[in-house]
Amino acid sequence: MLHQLSPISRLKGKDYPIINTLSDKVRVYSTKVNATLLNRTHLMSETESNGYSIQEIQSGNQSEFAKLIDAHSNQIYRLALKMLNNPQDAEDVLQNTFLKALQNINKFEGRSRISTWLYRIATNEALMIIRKQRPEVNLNEVEDDDNYSVNPPIQLIDWCCLPENELLSSESKLELENAIQNLSETLRIVFILRDIEGLSIQETSQILNLTETAVKTRLLRARLNLREHLSAFYGDRLLARSKE
Numbered sequence: 026m027l028h029q030l031s032p033i034s035r036l037k038g039k040d041y042p043i044i045n046t047l048s049d050k051v052r053v054y055s056t057k058v059n060a061t062l063l064n065r066t067h068l069m070s071e072t073e074s075n076g077y078s079i080q081e082i083q084s085g086n087q088s089e090f091a092k093l094i095d096a097h098s099n100q101i102y103r104l105a106l107k108m109l110n111n112p113q114d115a116e117d118v119l120q121n122t123f124l125k126a127l128q129n130i131n132k133f134e135g136r137s138r139i140s141t142w143l144y145r146i147a148t149n150e151a152l153m154i155i156r157k158q159r160p161e162v163n164l165n166e167v168e169d170d171d172n173y174s175v176n177p178p179i180q181l182i183d184w185c186c187l188p189e190n191e192l193l194s195s196e197s198k199l200e201l202e203n204a205i206q207n208l209s210e211t212l213r214i215v216f217i218l219r220d221i222e223g224l225s226i227q228e229t230s231q232i233l234n235l236t237e238t239a240v241k242t243r244l245l246r247a248r249l250n251l252r253e254h255l256s257a258f259y260g261d262r263l264l265a266r267s268k269e
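The opening position of the sequence shown corresponds to residue 26 in our numbering, with each subsequent residue numbered one higher.
Hints are not guaranteed to be accurate.
Said to hold, decoys possible - Below, in silico cross-link-like pairs of lysine-lysine (BS3-like), each with a Cα-Cα straight-line distance of 25 Å or less:
1) LYS132 / LYS92
2) LYS198 / LYS157
3) LYS92 / LYS125
Derived from the structure by calculation, the hints contain no laboratory data. On a predicted model such as this, the values are computed, not experimentally measured, just so you know.
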């Protein structure tokens with residue numbers, strides 16, 4: 026169930042009639058995405074040929090805005106759920122993202138893809154929730170990302186000998202999800218945008234307002250942390266197999 030006093034609900038009326046259907050869409054998308062989330066590890070960037078016209082949306086064509094919602098709700102909800110690990114918070118981010126997109130669509134100048142613009146809004150909404158719920162969390166890296174030297178993990182297990190069905194098991198996928206959630210917020214969001222959502226380094230840097238070098242550094246650190254985490258997991262499995 027959505028919050029009764031959500032921003033979308035408060036804006037129902039003649040000024041925002043297209044918003045009246047958004048809460049129902051949120052329920053549909055959250056149900057679909059929750060059912061398939063662990064099976065999705067990569068999403069190619071969409072081509073922007075989604076059957077809607079930005080010019081028409083900026084002219085006030087609400088049916089075109091509805092098409093934009095349909096085209097991007099799945100990705101936005103999944104991004105928020107990965108960042109926050111909470112379906113209700115992800116629904117709030119989804120609602121607020123499209124509400125702000127509707128309110129600010131005339132400010133979109135086409136310098137980036139519309140999906141990148143929406144990702145930026147959604148990311149900021151999710152980070153606001155993180156700051157509110159966990160004010161002790163530092164969302165700014167202490168290290169200088171442009172000059173940071175990454176030390177490789179001490180022990181990395183080669184799990185190439187494990188059978189494919191074991192690598193793709195539900196337990197392995199859950200372990201990967203846990204490893205992603207254990208990353209710091211600053212590393213996790215870069216990993217999600219680049220390696221899960223399939224955005225480019227340039228797009229990720231635009232969304233997070235970071236240099237491309239900083240994005241590459243954080244991405245490398247995230248990958249190394251995940252590999253180290255999974256090395257311990259698969260190392261135990263290899264040890265168990267050797268005793269069989």
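Comparing the hints with the structure gives:
1. LYS132 / LYS92: Cα-Cα ~19 Å, so holds.
2. LYS198 / LYS157: violated (30 Å)
3. LYS92 / LYS125: It holds: about 16 Å lies between the C-alpha atoms, which stays within 25 Å.
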